Amino acid sequence: MSFLSVEEIAKSYDGVLALSRVSLEVRRGTIKGLIGPNGAGKTTLFHLISGIERPSSGKIYFKGTDITYMEPHEISLLGVGRTFQTLQVWGNMTVVENVMAGMHTRLKGGFLSCGLWFPWVRRMEKEALEEAKGILEFLGLLGRWKWPASQLSFGEQRILELGRSLAMKPELILLDEPAAGLTVAEVRQLTERISQLREEGITVFIVEHHMGMVMEIADEIAVLDNGELIAAGRPDAVSRNPKVIEAYLKGARADA
Amino acid sequence: MLPLWLLSLIVPDPHLDLRQEARFRKRDLFYSGALFLLPLVCSSPRLHYVMVLAGINAILALGLSLFLGYTGQISLGHAAFFGTGAYTTAILTTRWGSPPLAAFWASAAVAAALAYLVGRPILKLKGYFLALATLGFGEIFLVVVREAHALTGGVIGIFGIPLFSLAGFSFDTYLKQYYLVWGVLVGLVLFSKNLIRSKIGRAFLAVAASEDAASTVGIEVAHIKLGAFVVGAAFAGFGGSLFACIMSTANPEAFGLNLSVLVIMMVILGGIGNLYGPIAAAIFLTWLLDILGAYQEYSMPIYALILILLLITFPDGIGTRLNIRLIYLISYWGRRKRRERVDL
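Respectively, the protein sequence lines represent chains W and U.
According to our numbering, the first sequence is numbered sequentially starting from 1.
According to our numbering, the second sequence is numbered sequentially starting from 257.
These aren't lab readings, by the way, just hints derived from the structure by calculation.
These numbers were taken from a predicted model, which means no experiment stands behind them.
Virtual Cβ for every residue (Gly too), placed ideally from N, Cα, C.
You may find that some hints are simply not true.
[Said to hold, decoys possible] Which chain U residues face chain W? A few, computed with CB under 8 angstroms, are given here:
1. Lys455
2. Ala462
3. Ser466
4. Asp468
5. Ile524
Turn these sequences into a full structure, and let the hints guide you.
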C-alpha cells in the first residue's frame, strides 16, 4: 500500500484539459518533487489532493483511504497539510495565532466552552501557545511572534505558512512553490528545514521552480507538461530525460 | 476553583492575550467605570432611556460583529432574530405566565435554534447571494409575524409584557433598566472576548481571510460560519427579550429591514474585526437618531450626510481611531506626569 497514490486523475475546466490521466505515487518518509513549465497542472494536482477541487475522473488514495471526494477539512484530519502558491498567510492575525490556527483540529473545545473560558480551555491554549512558539523557533520567526502576520516580509510569510501547516502535525505536506520570491539565503534556510522535516518522518510533496533546490532535496521527481506526466524517477535521471529538456526549452521559448 | 475561573473570565491571563481587542487593559476599567457612573452623574431619565436603547442596539451590534466583523459574512436579516427574542418573551410571559428570567434565556435559545435551522441551508451561499438570502429571511419573518394573528397578535402585536424582574426585584425605572441592559452587555462582551482569543476566534478570522486555506488546516468552514451566525442570533435573542420587557410590547414594525441595516451600520462604523467599536457606534447612532428626531422630515437626510462624512473620515471605523486617539492621550498624559516628576 503506497502512502499517497494518484490514479488516472483527470481534470478539465469548461472543456480545457488541465490534467490528463495522471498517475503517480509518493512513498512514506520521502521528498517527492513535482516540476514542469507554467500551466503544466502542478497546482491543480495539489488542489485535487487537498480537496479544494474535485477531479473529472480518477482516484486519489491516502494511506489506503479514498480521499477523492472528501472535503478539505476531512483530508487535513487524515494528516495532509499544504501551503499555497499564492501566499495565504492570514494578515488579520498575529504570527503566533497563524501557527495556532493550524492546531485547530487538535485543540478541543466548542463555542460554549471557549466563550466561557473553562479552565481546561485556558490550559490547552497555554500549551498550544508554547508549542506554536517552538515551531516558530524552528523556523527562525520566534522574535516576531506577536507581530501582525501582514507585517512580515514576503519570505517570512512563506515560512510562516509552512509553520502553520506543521502545526497540524501532518504526515504528508504539500508545498506549492515555497521558495518563490525568497532570497538566496532564505532558499538555503528553507532547503535545510525541508530536509529536517524528512528526518522527522514527514513526507514532503513539493512543487518548485527552483531547480537547484528540488534536485538537491528530492528523492524522486515527477514532471508534468500540458497536464500529462512526461517523466518520473530519480533527480539525476529526470534531469537528463530528453522529454523534460524539450518541455523546459519549449517553455523558455514561449516566455521569450 | 470556581472563583479562580470567574476571575479568569474578567482578568485574562496576559500571556494568552494575543489579540489586542481581547486583552484586559486599564482602558476596560475606564470604560466600565464611566458606564457605571454615567447615570449616577447625569440623572436625566431621558438620558437613561436613550442609553437603554443604545445598550440594546449594542448587544445586537456585538452579535453581528462576530458574524460580519470577524467571520466576514453578511446578514441583512439580523433584526429577525431580535424579533424572535422579543416575541418569544412576549408569548411566554403573557400567554404562559413564564417568569421574565426564564423567558430571557428561552428567547436566546429560540433565536439560536432558528438561526441554526435557517443557517444550515443559506450559509452555503456567499457574498451577494448570502445577503439576498438573509434579506429574504428577514422579510419572511415579518410576513409570518403579521399573519400569525393567534400567536403574535398580527400587525398590532402583543401588549402588556411584564417588566423584567429578578428574585422579586423589578426593573421598573430607566435607571434600573440601564444597569440591567449594560450588565448583560458586559457579560456578552466577556463571552465574545473569550471566543476571540480561543481556537474559535482564530477560526473566525481564518474563514474571513480565506475559506480555502482555512479548510486545509482542518477548519470546518460551514460549521464555523454557522456557529458565528447562531451566537450572533442568540445575542440578538437576549436583546429582543430585554427590548420586549422594557417596551412592554412587541410589534412587527420594530423588527424590519431598517433595524438590520442600522445594526450593519453600527458594525461597519465601529470597525470590522473590533469589539468595542460597534458598541461605541451603537451609542453614537442611537443618540444621533434620537436628537435628529426633532428635525422630523429633515432627520434622515441629515443622518445620511453625517454617516457619509463619518465613513469618509474614519474608513476603518470609529472604534479603531478612537482607541488610537485614547491610547495617545493616555500615553501623552503619562509622559507629561513623568516629566513633571523629573523636573521636581
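Verification of the supplied hints:
Interface hint status for lysine 455 (chain U): upheld, as the beta-carbon distance to the closest one in chain W is roughly 5 angstroms, under 8 angstroms. With a least beta-carbon distance of about 5 angstroms to chain W, the hint placing alanine 462 (chain U) at the interface is held under the 8 angstroms criterion. Annotation: interface hint on serine 466 (chain U) holds; nearest CB of chain W at approximately 5 angstroms, less than 8 angstroms. Taken as an interface hint, aspartate 468 (chain U) checks out: its beta carbon lies about 5 angstroms from the nearest beta carbon of chain W, inside 8 angstroms.
Interface restraint check: isoleucine 524 (chain U) against chain W, minimum CB-CB distance 16 angstroms, threshold 8 angstroms, status violated.
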